[in-house]
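Engineer: So you can see what is in the structure, the chains are spelled out below.
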Amino acid sequence: EPEVTQTPSHQVTQMGQEVILRCVPISNHLYFYWYRQILGQKVEFLVSFYNNEISEKSEIFDDQFSVERPDGSNFTLKIRSTKLEDSAMYFCASREFLAGGPNEQFFGPGTRLTVL
Amino acid sequence: DAKTTQPPSMDCAEGRAANLPCNHSTISGNEYVYWYRQIHSQGPQYIIHGLKNNETNEMASLIITEDRKSSTLILPHATLRDTAVYYCIGTDMRFGAGTRLTVKP
Chain Y
65 EPEVTQTPSH QVTQMGQEVI LRCVPISNHL YFYWYRQILG QKVEFLVSFY
115 NNEISEKSEI FDDQFSVERP DGSNFTLKIR STKLEDSAMY FCASREFLAG
165 GPNEQFFGPG TRLTVL
Chain C
34 DAKTTQPPSM DCAEGRAANL PCNHSTISGN EYVYWYRQIH SQGPQYIIHG
84 LKNNETNEMA SLIITEDRKS STLILPHATL RDTAVYYCIG TDMRFGAGTR
134 LTVKP
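Line by line, the protein sequences give chains Y and C. Okay, so the first sequence: first residue is 65 according to the working numbering, each after it adds one. Okay, so the second sequence: first residue is 34 according to the working numbering, each after it adds one.
A hint or two may mislead.
For lysine to aspartate or glutamate, the following DMTMM-like pairs were computed, each having C-alpha atoms within a straight-line distance of at most 20 Å [as the list claims (entries may be wrong)]: (1) Y:Lys106 / C:Asp115; (2) Y:Lys142 / Y:Asp127; (3) C:Lys36 / Y:Glu65.
What the hints contain is simulated information worked out from the structure, not anything from laboratory work.
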């Protein structure tokens with residue numbers, strides 16, 4: 065069964081460093097998402113991406129964040145200068161495009177980012 | 034977009050049916066209701082979705098009231114591995130706090 069994959073599973077970085085989190089969505093999916101979950105808190109939407117551009121972003125997704133689909137398979141989240149409060153699990157998700165139809169997203173296993 | 038309300042926690046005995054309620058009184062006519070669950074810190078796992086009719090798949094059943102203002106996720110024979118946080122969400126795919134289901138031996 066196809067699944068969303070994410071690498072690395074755990075990333076440790078120093079405050080102020082740049083990190084890139086990688087995701088490989090399900091191959092026929094056209095919408096891509098990033099969410100984060102701070103330990104003990106709810107899953108928070110960051111950004112959605114369709115047709116090579118951001119379709120929606122939350123207030124969390126500020127100028128320190130960027131997303132990219134550098135090739136036909138990868139979808140990346142970059143944090144330019146990490147802060148302690150960026151420590152969280154980051155989940156990638158993808159879905160098909162079904163106009164007027166159900167839009168269930170499928171999530172990857174997550175990347176645990178620890179900022180020291 | 035529908036705002037959903039769920040009880041914060043529920044217990045269920047192993048082997049019994051777990052019935053998880055969700056209120057979504059602001060749901061619009063063409064908006065699906067989705068159920069996900071999250072085990073520990075794993076990625077949310079899709080369970081089932083519905084629009085108007087009741088739905089069943091290999092994981093669960095979804096009962097949607099006729100007015101579509103609420104729904105119930107049913108795990109027919111809960112196992113210890115079903116212990117998780119269960120989320121009922123609308124088309125905007127925004128997660129709330131969900132219901133923490135604990136299945137007890």
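Engineer: So which hints don't hold here, by number, going up?
Structural biologist: Number 3 only.
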